[in-house]
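J.: So in my numbering, the last one in the sequence shown is 389, and the numbering has no gaps at all.
These aren't lab readings, by the way, just hints derived from the structure by calculation.
Among the hints, a few may not be true.
[To be verified] Simulated restraints on C-beta separations:
id, residue 1, residue 2, range
1, A377, V184, 25 to 33 Å
2, S180, K340, 30 to 38 Å
3, D185, S118, 31 to 39 Å
4, E111, N276, 33 to 41 Å
5, N354, K197, 52 to 60 Å
6, P196, G68, 26 to 34 Å
7, S180, N338, 37 to 45 Å
8, K340, E143, 53 to 61 Å
9, D227, E112, 48 to 56 Å
10, E372, K197, 30 to 38 Å
11, M356, P196, 23 to 31 Å
12, S118, A368, 21 to 29 Å
13, A62, D384, 22 to 30 Å
For every residue, glycine included, the Cβ atom is placed at its ideal position computed from N, Cα and C.
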Amino acid sequence: MKNKLALVLAGIMTLSLFGCGSGTSDTQGAAGDSSAQVENGEGAGESAASGDNADLDELIAAAKTEGELVVYGSCEEEYLAAACEHFEELYGVKVQYQRLSTGEVQSKIEEENGNPSGDVWFGGTTDPYNVAASEGLLEAYEAQNADHLMSDMYRDADGYWYGIYKGILGFMVNTDELSRMGVDEPKDWQDLLDPKYKGLVWLSNYNTAGTAKLVINTMLQKYGHDEGIKYLVDLDKNIEVYTKSGSGPSKNVGTGECVVGIGFLHDGITQIVDNGYGNVSLIIPSSGTSFEIGATAIFKGCKHPNAAKLWIEYALSPDCVELAAQNGSYQFLVIDNAKQPEVAAQYGLDPENVMKYDFEDAKENTAKYIEEVMNALGSAADDRFQTE
Numbered sequence: 002m003k004n005k006l007a008l009v010l011a012g013i014m015t016l017s018l019f020g021c022g023s024g025t026s027d028t029q030g031a032a033g034d035s036s037a038q039v040e041n042g043e044g045a046g047e048s049a050a051s052g053d054n055a056d057l058d059e060l061i062a063a064a065k066t067e068g069e070l071v072v073y074g075s076c077e078e079e080y081l082a083a084a085c086e087h088f089e090e091l092y093g094v095k096v097q098y099q100r101l102s103t104g105e106v107q108s109k110i111e112e113e114n115g116n117p118s119g120d121v122w123f124g125g126t127t128d129p130y131n132v133a134a135s136e137g138l139l140e141a142y143e144a145q146n147a148d149h150l151m152s153d154m155y156r157d158a159d160g161y162w163y164g165i166y167k168g169i170l171g172f173m174v175n176t177d178e179l180s181r182m183g184v185d186e187p188k189d190w191q192d193l194l195d196p197k198y199k200g201l202v203w204l205s206n207y208n209t210a211g212t213a214k215l216v217i218n219t220m221l222q223k224y225g226h227d228e229g230i231k232y233l234v235d236l237d238k239n240i241e242v243y244t245k246s247g248s249g250p251s252k253n254v255g256t257g258e259c260v261v262g263i264g265f266l267h268d269g270i271t272q273i274v275d276n277g278y279g280n281v282s283l284i285i286p287s288s289g290t291s292f293e294i295g296a297t298a299i300f301k302g303c304k305h306p307n308a309a310k311l312w313i314e315y316a317l318s319p320d321c322v323e324l325a326a327q328n329g330s331y332q333f334l335v336i337d338n339a340k341q342p343e344v345a346a347q348y349g350l351d352p353e354n355v356m357k358y359d360f361e362d363a364k365e366n367t368a369k370y371i372e373e374v375m376n377a378l379g380s381a382a383d384d385r386f387q388t389e
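Full structure from sequences and hints, please.
T.: Structure representation (structure tokens):
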């Protein structure tokens with residue numbers, strides 16, 4: 002029954018997909034009519050400008066004068082492309098975008114050191130955002146549309162980043178392959194250490210993926226510092242591949258190349274609903290799991306500051322976030338005036354069924370924890386950490 006439902010939903014979602022560009026693309030939205038509607042207070046752009054209309058009208062005008070915006074996106078490319086294209090259509094601001102993992106964006110802006118080639122960061126878990134903020138690489142901005150956030154936990158207290166979605170960390174497994182091998186599904190984190198899963202588990206690279214950074218912080222918070230690092234060293238014995246991107250494991254579960262993938266369960270829903278893999282099962286670890294807050298932020302020293310601020314207002318509006326489910330991204334939304342993706346609840350995901358996550362500890366110590374884990378793993382793991 003679930004597989005039939007997934008196929009029906011896949012058809013519906015396919016009809017609603019926006020066209021997407023290449024990984025690095027200049028979008029070609031027809032900005033004229035839509036931007037005129039915004040100026041007249043009409044059309045979809047009105048919800049993005051739901052705060053003080055006079056202030057936001059001034060911001061729109063200033064952004065149009067700048068005329069350009071460069072977006073680095075760490076969400077999935079289909080959603081990134083749709084969001085950028087729609088922004089251009091609404092406001093008449095030319096958008097260039099590039100899809101990079103959160104670790105790649107962090108490394109890029111660290112190298113550029115206050116002279117960023119991009120203006121805004123869109124999507125991806127907040128641990129790398131917090132590191133960038135602590136290094137003085139993000140610009141604080143008090144967004145008017147932040148009033149719609151469901152909780153203060155979905156924003157940086159000083160306005161360095163704002164949450165746009167929430168994702169649940171868990172396992173995605175290929176049920177056909179496990180059945181063929183006569184191996185049970187893992188139910189909890191400790192199960193993944195069983196030798197029967199040797200060579201079956203995929204995780205993303207701790208150095209490049211925000212997802213993997215969240216895994217480190219989750220294990221250290223769950224088990225304590227020393228036991229958490231020991232857990233990750235023991236887990237390494239069963240890991241076959243570390244992918245560059247956090248969604249990498251999910252994209253290989255349906256084909257059976259990856260049998261057990263660790264990542265965000267909304268990526269597994271994409272494989273079931275959009276790609277038709279009815280052999281993928283989603284598992285929330287029984288002893289508890291953590292979650293990501295997908296974020297957006299402005300790079301300090303960016304070349305188009307007004308367009309960047311307008312992007313933040315747009316990203317905190319239904320105009321932007323409701324595009325996610327229309328483009329294969331089924332995270333829970335964190336603003337109160339947007340429609341939640343119903344399919345996430347249909348697959349048993351509960352945005353409140355998560356452990357308490359210490360964001361401050363992650364903000365202060367993620368870089369140190371990564372170094373400690375890599376040192377503990379030693380050279381044996383080096384050749385399996387993908388960066389391309």
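J.: It remains to establish, for every hint, whether it holds in the given structure.
T.: Do the hints match the structure? See the list:
1. A377 x V184: 25 to 33 Å: Hint holds: Cβ distance 27 Å, inside 25 to 33 Å.
2. S180 x K340: 30 to 38 Å: With a Cβ separation near 37 Å, S180 and K340 satisfy 30 to 38 Å, so the hint holds.
3. D185 x S118: 31 to 39 Å: Hint violated: Cβ distance 48 Å, outside 31 to 39 Å.
4. E111 x N276: 33 to 41 Å: Hint holds: Cβ distance 35 Å, inside 33 to 41 Å.
5. N354 x K197: 52 to 60 Å: Violated - the Cβ-Cβ distance for N354 and K197, about 27 Å, lies outside 52 to 60 Å.
6. P196 x G68: 26 to 34 Å: violated (59 Å)
7. S180 x N338: 37 to 45 Å: Hint holds: Cβ distance 44 Å, inside 37 to 45 Å.
8. K340 x E143: 53 to 61 Å: For E143 against K340, whose Cβ atoms are near 26 Å apart, the range 53 to 61 Å is violated.
9. D227 x E112: 48 to 56 Å: About 33 Å separates the Cβ atoms of D227 and E112, which means 48 to 56 Å is violated.
10. E372 x K197: 30 to 38 Å: holds (31 Å)
11. M356 x P196: 23 to 31 Å: holds (27 Å)
12. S118 x A368: 21 to 29 Å: holds (22 Å)
13. A62 x D384: 22 to 30 Å: For A62 and D384 the Cβ distance comes to about 53 Å; the hint is violated.
Consistency with the previously given hints fails for numbers 3, 5, 6, 8, 9 and 13, ordered from lowest to highest.
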